[in-house]
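S.K.: Sequence:
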Amino acid sequence: MLHYIVYCCNPLESVTVIFPIRAHSYMECDRNMAYLNQKTRIELTEEWAKHVRGARPRPNPFNVIKSNCPFSIRPVCINEEEFKLPGLAYRDKLPISTAKYNDLQFLKKFCRPETKRYYDQLPHAANIKDATAD
Numbered sequence: 000m001l002h003y004i005v006y007c008c009n010p011l012e013s014v015t016v017i018f019p020i021r022a023h024s025y026m027e028c029d030r031n032m033a034y035l036n037q038k039t040r041i042e043l044t045e046e047w048a049k050h051v052r053g054a055r056p057r058p059n060p061f062n063v064i065k066s067n068c069p070f071s072i073r074p075v076c077i078n079e080e081e082f083k084l085p086g087l088a089y090r091d092k093l094p095i096s097t098a099k100y101n102d103l104q105f106l107k108k109f110c111r112p113e114t115k116r117y118y119d120q121l122p123h124a125a126n127i128k129d130a131t132a133d
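In this text, residue positions in the sequence shown follow numbering that gives the first Met the number 0: the first is 0, and each later residue adds one.
Any given hint could be a false lead.
[To be verified] Pairwise CB distance ranges, derived in the manner of DEER restraints:
id: 1; residue 1: K128; residue 2: D29; range: 31 to 41 Å
id: 2; residue 1: S13; residue 2: F105; range: 57 to 67 Å
id: 3; residue 1: T114; residue 2: I77; range: 35 to 45 Å
[Claimed, not checked] Heads up, simulated DMTMM-like pairs for lysine to aspartate or glutamate below, C-alpha to C-alpha not over 25 Å straight-line:
id: 4; residue 1: K49; residue 2: D91
id: 5; residue 1: K108; residue 2: E27
id: 6; residue 1: K65; residue 2: E80
id: 7; residue 1: K49; residue 2: E79
id: 8; residue 1: K107; residue 2: D129
id: 9; residue 1: K49; residue 2: E27
id: 10; residue 1: K92; residue 2: D102
These aren't lab readings, by the way, just hints derived from the structure by calculation.
Note that beta-carbon positions come from the ideal geometry of N, C-alpha and C, so glycine has one too.
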């Protein structure tokens, strides 16, 4: 496409292509992510909220909103002028398979005590099948 623009479109004398260097973005979301300490050990969602709130004291802290929804909700388009939000897909934590639960019980030895309690409380059932990786 650049070849076509430079050689076939007469009004252009040249085209400058800039390949950004990794971590040198001027977008606001990227600049805000730079406030977060990448080496902080965080294991629970509450810890993420606390870390993000405290990452930028000035000009004002980030506003962290706690959501009960387990995933981001996208509006559904009804027509050109009207949108609606879908209901929740589920209300509680979904159970995981017993095999996955047992694996997590083995791996939790590397976690802090409060994280171990979280993994102990995960719902699990023997009749749940794990999705296989394709």
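S.K.: Of the numbered hints stated earlier in the document, which are not met by this structure?
M.R.: Hint check: 5, 6, 7 fail, others pass.
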